[in-house]
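K.L.:
What follows is the residue order along each chain.
There are 2 protein chains.
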Amino acid sequence: MSHSTRCAACKSLRRRCPRDCILAPYFPSNDPQRFSSVHKIFGASNISKILQQLPVQERAKAADCMSFEATSRIQDPVYGCVRIISQLQQQLLITQRELVMTQAQLAFYYAQQQ
Amino acid sequence: MSHSTRCAACKSLRRRCPRDCILAPYFPSNDPQRFSSVHKIFGASNISKILQQLPVQERAKAADCMSFEATSRIQDPVYGCVRIISQLQQQLLITQRELVMTQAQLAFYYAQQQ
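Protein chains in written order, with the working numbering: chain A, 1 to 114; chain B, 1 to 114.
Hints should not be assumed to be uniformly reliable.
The list treats identical chains as interchangeable, and a pair is accepted whether it falls inside one copy or across any two copies.
[Claimed, not checked] Mimicking DMTMM-like on lysine to aspartate or glutamate, the simulated pairs with C-alpha atoms at most 25 Å apart in a straight line are:
| # | residue 1 | residue 2 |
| --- | --- | --- |
| 1 | 61 | 20 |
| 2 | 40 | 58 |
| 3 | 61 | 31 |
These are computed hints drawn from the structure, not numbers from a lab. Bear in mind that the values here come from a model prediction, so they are computed numbers and not experimental data.
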């Protein structure tokens, strides 16, 4: 038996959407762009394989993360979401340096007081 | 004409490696694991498409970033490299809070001195 409405994946791939469709819970028909992005970057077959290897309760999170990665790569075809990692590392380094300097100033004032 | 040695991609896909192979410069034969990972996650066809759309001088960086994303997803099939983003955001938040507190303490000592 199939769904009365096909999921975004089955609709895009022009196939019947079975009741136990592995993609249906994570790629609803009302958000075709979400499937289109992951399909373009990972391919439907790879997404299905990755989801199939996971326990059911972890699949939604995996689908969300793959959607995020795919959207990032479409927006930024060179770096994808790795650019965000690089920016956060840079920001963290700057903040850590500022913290060390502020702590040093504070230590100086403590020492002066005693 | 083809290469005397096929690149890791053409070797894995059991095809002739043409002189102008789009994957050869970024997936050398001495690192079959690198191609195997991106092939498993993105698929050879998607990687080729993404690289083809980019200017030649940006392709190496894109291949490196896709290799990193693929390795991260193989090691962590739920979160992939999105886990690193989440951890860095958390670490940045903690460091920013500590900085704000240290700056406040410093401001207090400055005020006391005057």
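K.L.:
Next step is simple, just say for each hint if it's right about the structure.
P.N.:
Results of checking the hints against the structure:
1. 61 / 20: within (19 Å within a copy, 39 Å between copies)
2. 40 / 58: both (23 Å within a copy, 20 Å between copies)
3. 61 / 31: within (17 Å within a copy, 31 Å between copies)
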